[in-house]
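Residue numbers (this note's numbering), protein chains in the order written: chain C, 1 to 344; chain P, 345 to 688; chain X, 689 to 1032; chain E, 1033 to 1376.
Since the hints were made in silico from the structure, they are not lab data. Be aware that a few hints might be false.
[What the hints assert, rightly or not] According to the in silico footprint, chain P covers these stretches of chain X (three or more CB under 8 Å from chain P):
{"#": "1", "stretch": "833-846"}
{"#": "2", "stretch": "931-938"}
[Stated by the list, open to error] Distance condition first, Cα-Cα at most 20 Å in a straight line; then the derived EDC-like pairs of lysine to aspartate or glutamate:
{"#": "3", "chain 1": "E", "residue 1": "LYS1049", "chain 2": "X", "residue 2": "ASP712"}
{"#": "4", "chain 1": "P", "residue 1": "LYS361", "chain 2": "C", "residue 2": "ASP14"}
{"#": "5", "chain 1": "X", "residue 1": "LYS994", "chain 2": "E", "residue 2": "ASP1056"}
{"#": "6", "chain 1": "E", "residue 1": "LYS1338", "chain 2": "X", "residue 2": "ASP806"}
{"#": "7", "chain 1": "E", "residue 1": "LYS1114", "chain 2": "P", "residue 2": "ASP451"}
{"#": "8", "chain 1": "X", "residue 1": "LYS770", "chain 2": "C", "residue 2": "ASP14"}
{"#": "9", "chain 1": "P", "residue 1": "LYS426", "chain 2": "E", "residue 2": "ASP1150"}
{"#": "10", "chain 1": "C", "residue 1": "LYS82", "chain 2": "X", "residue 2": "ASP806"}
{"#": "11", "chain 1": "X", "residue 1": "LYS705", "chain 2": "E", "residue 2": "ASP1121"}
{"#": "12", "chain 1": "C", "residue 1": "LYS17", "chain 2": "P", "residue 2": "ASP368"}
{"#": "13", "chain 1": "E", "residue 1": "LYS1064", "chain 2": "X", "residue 2": "ASP702"}
{"#": "14", "chain 1": "E", "residue 1": "LYS1114", "chain 2": "P", "residue 2": "ASP358"}
{"#": "15", "chain 1": "X", "residue 1": "LYS720", "chain 2": "E", "residue 2": "ASP1121"}
{"#": "16", "chain 1": "C", "residue 1": "LYS17", "chain 2": "P", "residue 2": "ASP358"}
{"#": "17", "chain 1": "E", "residue 1": "LYS1049", "chain 2": "X", "residue 2": "ASP702"}
{"#": "18", "chain 1": "X", "residue 1": "LYS770", "chain 2": "C", "residue 2": "ASP107"}
{"#": "19", "chain 1": "P", "residue 1": "LYS650", "chain 2": "C", "residue 2": "GLU278"}
{"#": "20", "chain 1": "C", "residue 1": "LYS306", "chain 2": "P", "residue 2": "ASP368"}
{"#": "21", "chain 1": "C", "residue 1": "LYS32", "chain 2": "P", "residue 2": "ASP433"}
{"#": "22", "chain 1": "X", "residue 1": "LYS705", "chain 2": "E", "residue 2": "ASP1046"}
{"#": "23", "chain 1": "P", "residue 1": "LYS376", "chain 2": "C", "residue 2": "ASP89"}
{"#": "24", "chain 1": "C", "residue 1": "LYS82", "chain 2": "X", "residue 2": "ASP795"}
{"#": "25", "chain 1": "P", "residue 1": "LYS361", "chain 2": "C", "residue 2": "ASP24"}
Don't be surprised by glycine CBs; every beta carbon is placed ideally from N, CA and C.
4 protein chains.
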Amino acid sequence: MFFASDNAGPVHPDVMKRVIAANDAHQMPYGKDIIMDEVRNRIRDVFEAPEAAVYLVATGTAANVLALACYTQPWQTTFCSKVAHIQMDECNAPEFYAGGAKLTLIDTEDKMTPAALDAAIAGQTVGNVHGAQPGAVSITQVTERGSVHTLDELRALTAVAKAHNLPVHLDGARFANAQVSLGCTAAEMTWKSGVDVVSFGGTKNGCMGVEAVVFFDPSKAWEFELRRKRGAHLFSKHRFLSAQMAGYLEGDTWLEIARQSNGHAAYLAEGLREKGAEFLHSPDANMIFARWPRSVHQKLHDAGAKYYLWDGLLEGPAEELVAARLVCDWSIGRDNIDAFLSHF
Amino acid sequence: MFFASDNAGPVHPDVMKRVIAANDAHQMPYGKDIIMDEVRNRIRDVFEAPEAAVYLVATGTAANVLALACYTQPWQTTFCSKVAHIQMDECNAPEFYAGGAKLTLIDTEDKMTPAALDAAIAGQTVGNVHGAQPGAVSITQVTERGSVHTLDELRALTAVAKAHNLPVHLDGARFANAQVSLGCTAAEMTWKSGVDVVSFGGTKNGCMGVEAVVFFDPSKAWEFELRRKRGAHLFSKHRFLSAQMAGYLEGDTWLEIARQSNGHAAYLAEGLREKGAEFLHSPDANMIFARWPRSVHQKLHDAGAKYYLWDGLLEGPAEELVAARLVCDWSIGRDNIDAFLSHF
Amino acid sequence: MFFASDNAGPVHPDVMKRVIAANDAHQMPYGKDIIMDEVRNRIRDVFEAPEAAVYLVATGTAANVLALACYTQPWQTTFCSKVAHIQMDECNAPEFYAGGAKLTLIDTEDKMTPAALDAAIAGQTVGNVHGAQPGAVSITQVTERGSVHTLDELRALTAVAKAHNLPVHLDGARFANAQVSLGCTAAEMTWKSGVDVVSFGGTKNGCMGVEAVVFFDPSKAWEFELRRKRGAHLFSKHRFLSAQMAGYLEGDTWLEIARQSNGHAAYLAEGLREKGAEFLHSPDANMIFARWPRSVHQKLHDAGAKYYLWDGLLEGPAEELVAARLVCDWSIGRDNIDAFLSHF
Amino acid sequence: MFFASDNAGPVHPDVMKRVIAANDAHQMPYGKDIIMDEVRNRIRDVFEAPEAAVYLVATGTAANVLALACYTQPWQTTFCSKVAHIQMDECNAPEFYAGGAKLTLIDTEDKMTPAALDAAIAGQTVGNVHGAQPGAVSITQVTERGSVHTLDELRALTAVAKAHNLPVHLDGARFANAQVSLGCTAAEMTWKSGVDVVSFGGTKNGCMGVEAVVFFDPSKAWEFELRRKRGAHLFSKHRFLSAQMAGYLEGDTWLEIARQSNGHAAYLAEGLREKGAEFLHSPDANMIFARWPRSVHQKLHDAGAKYYLWDGLLEGPAEELVAARLVCDWSIGRDNIDAFLSHF
């Protein structure tokens, strides 16, 4: 009954198989491995972007902050939801990598609205040397609250960015989960919707530790390579990053893994709904934010269920509702979900 | 005949076995995995340092620059050999992570001499606000030229640092190779010789991508954790770093791997010596810098041998000597070495 | 009728007199001038802080960001009002000088409330490596909206900071105006109220370009000197900074200048009140935020009055109210104020 | 007998006159003062560069590091003499402002040679992601050792830079002294000789604290404005920087001041030569590096002469030679020089 995070689950066998296979003989280091050629081509195919610049790093934070740094000057500010991962969970890495650039936080419980984004950008006057200059816009898909922007929602946000001539970054740590949820293509969810650069996550969706950064504008390629090395994120035995991504993207393994995770979450959400749980956000992908009585939480906890209490209130009346975050990875079995639900 | 780098070789089976074994069920992320507890204890044992703070990262550059940043203020300078990896091969990462601190380069072809180090430190007057203030001293062991400091040489350098109240960092990307070469203990090569923090390499010696940073002064622990996260180097699926290091340090696997690499290099060096090659540096560990005629180089190249030409001169008279760097990893077979030598 | 800013007014004759007098013979550079000894002693007297470390820089932003950088690690965040100068008007200088540290903005139209400050600090969990760590608290006195924290208000804010073990910075670009407004001592408005370091402004109150940074904890002295030099803010002909501050603090010149500015503003505010203007904030010192009809604004503008329209709406119905910011410096004559009021 | 530094002398009356005159009524802040318009035009005339972007800052270090930051990416390195001010006397400010870029030091006692510069640039391979990428070349004119590059020497250095497609910065803290020494025009010493941006010093040559940064390529203008503000170097009462520069450049005041300083130094050097002093460097402008016996130094010291002992050896045999640095500013009287020489 492990619902603490999808970054705590095992590596998918299709990914592991390629990692093991990569351990053969010698391969040129630092991204010159032949598996990377395969990966680059595959990602260009997946994104229908034959010119895209494609790079691998090992952590989601590295993908986000290196991508953003290529689009943000130190005197600029990046616009994002106040609950974005880059704001809440990256310990000032975005500011570090962008030389002290700011994040301007859009006040929202989850997704940014186009109106709020527009107002925030308009609030940073271009040409006023006293204030931060507008930089990039960063959108998280799946959001940190488990919801998924529709293509229309994405396009409304990128349209605001474009109206201000700002580039758009997509934090796709759970990209596949979002794509499966929307039933669209990778291209539709990115450049066809106005995204300039995407952090294309693998780690949370069955890989060991690999994320791709995909630039639809390849003019950023060399700058990214220098920033990656300077950030100490260029792997010598890079083939093991390539191998993960190669296994991940073979056939539709990556989408199949996400289908499993999302499916588990849908099944769990349905069960919780029947048990009377209240949802804080729409469980569009593989994350659920919901409330139930503390007494139920206590039973789950005693039974060994793992998940985060979202409001942090551990003591109080038994009948009081607590808020929980549950994340399903591909390896969660239905039996675990049923066992979980049985405690309600 | 692959002698280009030890970072191009395969992962040792003992390491891979633990990686595969780690892929079981769920494990808490971000360094809270139980394998890390095992690793921490094992490293403390290996270093006879029960209080040491122990962390894992995935690249050697990350280990070096995060370790140094904990010991260098932005207005200070780190003293190192002008051929140190941190100067030559890390694309300003040391400066980036230390907030714009300098490196002061000791003019030498390989190892620093204590006298040159002392003069360089004395040249940066403490308390003169105009110049950089003295920061850390960084020593590379095995050096970038393949030689190994004796314990006496190490101690002479750290004594200079201590006389100026400066901390000492050891870049041990090839730590095991050095230790095997000296036949000493890990403690003798570090804190017993005046080293405060060590980058303890695994990647080049049979791992996939893992380096430990070991602080003998645990007061730096929390700062390191924050710097690692802020540098985007904290892995969510950290267990796969832990697993590599656990396999590496099981029994004396790590030393056995280094014994193999060093042994291959000794065998190759002996063969080269017989063939009349000239050595640029003492081949103390698993790297060889040597010269032979361009005509021989051409034959080797045609036969598919891989190594770096060190002086970069690709065209010239056939009888002219060219300089080459050869690195042996554990997986190089004797047959490959014999084949290589057969072209002389 | 110049009410655009107090940084646009002339230097007070008592200050200029000392600048001219300082231009005699040679003086040791870089803060070793004898006038600085006088200034240091005088400031320690003024603040009743015989151990204080005292430094001069030429801009208010330099004072703020150098002071804050001494109290903020790169992985921390400084808490301030969302309208603070360090957020709105320093073009990411705080982030730059603190190595990429964040600002956490308290949502308020003017002053922070202790409750909001407390909630914001509590929101950044100490020991959670994923989020920014709590750093300093910065309070602006006079605020950017022209109001002055009472001593009780100040102490309530610093008490929150202290309860979280955080240091407190006071941005006193208009320190003298606030002190005159409160009728208290400099010590009462700073260390006696829990302030650790103050940017003690001179420029806006009759100097040419000089601000003191006063550390009540002198252990920060050497770090500040290094940061100032590294920031390129150490003046060779430092005596001309010293001379300004010496003239400013002679007798109670500095308070007298502030009395004049505040007096002008009070007289103007009284006149505006009689004319029916609405006030957006309490005009406690030398700044006024008020509303009047666009038709009046047009008359004032046509008559040559200079001030900022705060809502930026230049076109609209004549009877609609616009919001204006007026700042009085010491040199504004009563005749100018009367002339201004005559247009209502 | 004050020869310690030209940054310790008084402000020239022609400069002070304009400072005092600027203290009239109100002026728009932050560089919008009308005096700046005059200065901009005057500098464009002086440099025969009608399109040049012209800015003022208050310290030489600010001018250098802001100018360089506009031409150096964080993963690049700037090439300069190992005795350059940016290396020796700016406490890592160049690295700070350029986001952790390096300085690559050319090994020389004074001026760089074109061959050494070329070798150093060639040593940083363009396109090798492991090493720093080549950035700008910085030349100091007058050098830190008091010598002046001839136009031919300048052009030979800039030709090397241009051959590698690198921009050239000129640190002209003593620009006027160099120009007077060469008898050339400002244009000849800058853009006509391949210089892209110049730190045009005023402070050491009779101003209070002002340096111009002149970009011959105006496309850097807005970036400079943002960097200046972000560095906390934009003055609110900017008119007092403008006024200094306006007075300095009125007629040929600036050259006349330099003629006086250089003339004093020439007279002093001639006297020293007659007394048998040995010169370490050619005293081309207003600085002298020379040796005389310790006994003479003792007499001079006892008589109150102020200058720096360059080798720092204060104790030793009376007849031993010590090395001294003497700097003449415009205000040094001949009587002081005669008095100085009388002690030999």
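* Asked: So which of the earlier hints does this model not fit?
  -> 1, 2, 6, 8, 11, 13, 14, 19
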